[in-house]
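Asks: Below are the chains, spelled out letter by letter.
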Amino acid sequence: MNSIIGYYSTKFGELWEKSLDDLLVEVFEGVLSENKLEKEHIDAVFLGNMLGGIVDSSLLLEAHIAELLGINIPVYRVEAACASGGMAVQMAHEYLLAHKGSTVIAVGGEKMTDVSAEHITQALASAASPLEQAVGLTFPGVYALLAQIYLKKYNYTEEHLAAISVKNHSHGVLNEKAHFRRYVTVDDVLDSPYIAYPLKVLDSSPISDGAAAVILTNKPALIKSSEAVTIKASEVATDTISLAKRGKLDELLATEIAGKKAFKTSGLKQKDIHIMEVHDCFSIGEILALEDLGFWKKGQGGSQAQEMVTHVDSGSHLIVNTSGGLKAAGHPVGGTGIKQIGEIYLQLTGKAGKRQIKITPTCGLAHNVGGSGGVAVVTILST
Amino acid sequence: MSQSPVRLWRKQKQDTALLGKTGIILSWTEISVAPPKFASGTPYTVVLIELASGERTYGQMVEFQETDRVIGARVKAVYRKYGSVEKEELIEYGIKFIPA
Numbered sequence: 001m002n003s004i005i006g007y008y009s010t011k012f013g014e015l016w017e018k019s020l021d022d023l024l025v026e027v028f029e030g031v032l033s034e035n036k037l038e039k040e041h042i043d044a045v046f047l048g049n050m051l052g053g054i055v056d057s058s059l060l061l062e063a064h065i066a067e068l069l070g071i072n073i074p075v076y077r078v079e080a081a082c083a084s085g086g087m088a089v090q091m092a093h094e095y096l097l098a099h100k101g102s103t104v105i106a107v108g109g110e111k112m113t114d115v116s117a118e119h120i121t122q123a124l125a126s127a128a129s130p131l132e133q134a135v136g137l138t139f140p141g142v143y144a145l146l147a148q149i150y151l152k153k154y155n156y157t158e159e160h161l162a163a164i165s166v167k168n169h170s171h172g173v174l175n176e177k178a179h180f181r182r183y184v185t186v187d188d189v190l191d192s193p194y195i196a197y198p199l200k201v202l203d204s205s206p207i208s209d210g211a212a213a214v215i216l217t218n219k220p221a222l223i224k225s226s227e228a229v230t231i232k233a234s235e236v237a238t239d240t241i242s243l244a245k246r247g248k249l250d251e252l253l254a255t256e257i258a259g260k261k262a263f264k265t266s267g268l269k270q271k272d273i274h275i276m277e278v279h280d281c282f283s284i285g286e287i288l289a290l291e292d293l294g295f296w297k298k299g300q301g302g303s304q305a306q307e308m309v310t311h312v313d314s315g316s317h318l319i320v321n322t323s324g325g326l327k328a329a330g331h332p333v334g335g336t337g338i339k340q341i342g343e344i345y346l347q348l349t350g351k352a353g354k355r356q357i358k359i360t361p362t363c364g365l366a367h368n369v370g371g372s373g374g375v376a377v378v379t380i381l382s383t
Numbered sequence: 001m002s003q004s005p006v007r008l009w010r011k012q013k014q015d016t017a018l019l020g021k022t023g024i025i026l027s028w029t030e031i032s033v034a035p036p037k038f039a040s041g042t043p044y045t046v047v048l049i050e051l052a053s054g055e056r057t058y059g060q061m062v063e064f065q066e067t068d069r070v071i072g073a074r075v076k077a078v079y080r081k082y083g084s085v086e087k088e089e090l091i092e093y094g095i096k097f098i099p100a
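Those sequence lines, one after another, are chains A and B. Residue numbers for the first sequence follow the working numbering, so the first one is 1 and each next one is one higher. Residue numbers for the second sequence follow the working numbering, so the first one is 1 and each next one is one higher.
Hints were generated in silico from the structure; no laboratory data involved. All values derive from a computational prediction rather than experimental measurement. Ideal Cβ positions, reconstructed from N, Cα and C, are used throughout, including at glycine. Watch out, some of these pointers could steer you wrong.
In the DSSO-like style, the derived pairs of lysine-lysine whose C-alpha atoms are separated by at most 27 angstroms in a straight line are [stated by the list, open to error]:
hint: 1; chain 1: A; residue 1: 298; chain 2: A; residue 2: 260
hint: 2; chain 1: A; residue 1: 245; chain 2: B; residue 2: 81
hint: 3; chain 1: A; residue 1: 152; chain 2: B; residue 2: 81
Listing some non-contacts, in silico: residues in chain B with all C-beta distances to chain A over 10 angstroms [unchecked claim]:
hint: 4; residue: 6
hint: 5; residue: 9
hint: 6; residue: 13
hint: 7; residue: 20
hint: 8; residue: 52
hint: 9; residue: 64
hint: 10; residue: 74
hint: 11; residue: 79
hint: 12; residue: 86
hint: 13; residue: 87
hint: 14; residue: 89
hint: 15; residue: 90
hint: 16; residue: 92
Just chain A, with the same shape it has in the complex:
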């Protein structure tokens, strides 16, 4: 059985003193030293990064890593836009299924604050289709089209979306590594400027720097001597890059398919999941995620969000985005998927500190999306 035995993350935020290389080295060395392992114990590295080639003119990150860390083992770079981190863990998991007695690191990171908002907007838009880019649709713009359809079809308002940000900011206050550690109110969200109508600044995850890493192993002795969680499922699904080519526009089909596969592989049901990190790159994203993963009925997400039924203080058996989500914890795109899985790891091992949920969780799920739903990765972990 493949297990995760360690997690380390940098602080997420505007880290002006740190380069992408600095961030990756910090988490690689951090996760090894916290687990009292040496780089010689690692058989391969899976690296999630989206924008290195565009923002940093850095490709062949495999060799960057080899140089920085003084290693000659295989390094595989994975690019799946905002799902690069989740995909790196997924591929690490597949590698372990094929290689008994191995230990690997999945690391993800992004450096986003070296360039202007306009340039990072353009870089992120490279995860949209050529026509979407050609007509000036930005990444928030594509999600805004989805949000408009959802709000109209199910008769909700921007206030329903705002509740997601309010909840996730209140979780982020408890996370010492979060980009934003302050409360926001529904009025704060509604009063914030529009980025792409109906989505506002406070509906949107920020531009963040940061990196995160997890260690995965299938060595029984190492699992036994570590605080380990089991990977019950790690599944990927894809869908059209263009919104215009999709059948239904009030859901992300890739999420639905990856979720169904993950529940089937794990033999678990939605009611077994106590803790989740879902992809709230925009407020509408969390609502669609809970519906498409089968936790809420289609169309009920708006009212469920407004009631904040997944808040850490809700008393619910399912708490969502204790890290603060992408919204408050920050969204260094290549690092996010690793952070999500790391947060579930911390909760399942009782190491989440002030944001540890009240019930003792036995199963958790991480949901990572690339583009506007062109890729989804769903990972289920258990104690």
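Please build the complex by placing chain B on the supplied structure of chain A, with the hints as guidance.
Replies: Okay, now just chain B, sitting in the frame of chain A:
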């Protein structure tokens, strides 16, 4: 980013097939933060359209009143300039939508 003339040439062959066609707005957004090429035009509206043929496409919407920019409203494809370019670059044209 400078435009590849060949890429534009390929795109414009597809654009002309849409000229004059009408469709329905499935969704719309108004972009306030845009890439450099479009930054001088903010805010601008982008619509997701379903054509009579069932085909879906996108374009900016122009020359409209607020009451025209609603889901379900009918629009028509026209040819317009897209984005700003450096003085040595090709001017890009493409499909935009106006109320029908």
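Asks: Look at each hint and say if it fits the structure.
Replies: Structure-based check of all given hints:
{"no.": "1", "hint": "A:298 / A:260", "verdict": "15 angstroms, holds"}
{"no.": "2", "hint": "A:245 / B:81", "verdict": "25 angstroms, holds"}
{"no.": "3", "hint": "A:152 / B:81", "verdict": "31 angstroms, violated"}
{"no.": "4", "hint": "6", "verdict": "14 angstroms, holds"}
{"no.": "5", "hint": "9", "verdict": "13 angstroms, holds"}
{"no.": "6", "hint": "13", "verdict": "13 angstroms, holds"}
{"no.": "7", "hint": "20", "verdict": "18 angstroms, holds"}
{"no.": "8", "hint": "52", "verdict": "15 angstroms, holds"}
{"no.": "9", "hint": "64", "verdict": "14 angstroms, holds"}
{"no.": "10", "hint": "74", "verdict": "17 angstroms, holds"}
{"no.": "11", "hint": "79", "verdict": "13 angstroms, holds"}
{"no.": "12", "hint": "86", "verdict": "15 angstroms, holds"}
{"no.": "13", "hint": "87", "verdict": "20 angstroms, holds"}
{"no.": "14", "hint": "89", "verdict": "15 angstroms, holds"}
{"no.": "15", "hint": "90", "verdict": "13 angstroms, holds"}
{"no.": "16", "hint": "92", "verdict": "8 angstroms, violated"}
The structure is inconsistent with the numbered hints 3, 16, although it conforms to all the rest.
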